[in-house]
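J.: Sequence:
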Amino acid sequence: MIRAIIRPEKSSKVLKALFEAGYVAVTKIPVVGRGKQRGIKIGDVTYDELPKEMLIIVVKDEDKDFAITTIMEAARTEPNGAFGDGKIFVTPVDEAYTISRGTKEL
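In this text, residue positions in the sequence shown follow my numbering: the first is -11, and each later residue adds one.
No wet-lab data here; the hints were simulated from the structure.
Given the structure is predicted, the values throughout are model-derived calculations rather than measurements.
Yeah, the Cβ is synthetic: ideal placement off N, Cα and C, and Gly gets one too.
A portion of the hints provided could be inaccurate.
[Said to hold, decoys possible] Under the rule of at most 30 Å between Cα atoms (straight-line distance), these lysine-lysine pairs were calculated in the BS3-like manner: (1) K52 to K29; (2) K1 to K16; (3) K92 to K4; (4) K29 to K1; (5) K92 to K24; (6) K92 to K29; (7) K1 to K75; (8) K52 to K75; (9) K29 to K48; (10) K16 to K92; (11) K48 to K4; (12) K1 to K24; (13) K24 to K52; (14) K75 to K24.
[Claimed, not checked] Listed next, with one range per pair, are the computed distances between beta-carbon atoms: (15) V81 to G23: 17 to 27 Å; (16) G27 to E50: 22 to 32 Å; (17) K92 to K29: 16 to 26 Å; (18) I30 to K52: 36 to 46 Å; (19) I17 to I87: 42 to 52 Å; (20) K29 to I87: 38 to 48 Å; (21) T79 to T57: 36 to 46 Å; (22) G27 to A84: 11 to 21 Å; (23) P67 to P(-4): 14 to 24 Å; (24) G69 to R89: 34 to 44 Å; (25) F77 to D32: 31 to 41 Å; (26) N68 to S88: 40 to 50 Å; (27) F7 to D36: 11 to 21 Å; (28) G21 to V78: 34 to 44 Å.
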């Protein structure tokens, strides 16, 4: 399972790139949080939690690196990336079931 937390303005670009790469099944969740930059300060106001999007996809082990590269390339702020571009987490999935068919998938 790949969980990518990205800038909201990059969400459409990442979803399009995943679709074109053959990864059509994606869950998108609006989230808020902060990373190493600890929010952003504008004038006298500090915003501790920034809006992000979390994309969740499950891919085969052999597709993992390609899917990660696809996300990173589409989510990175040009030309060299910037703080706040996001983070990708990868975890194993032991089991998955399709509810409509009642079948085990992995």
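J.: Any of the earlier hints contradicted here, and which numbers?
T.: 1, 5, 6, 9, 16, 17, 19, 21, 22, 27 and 28
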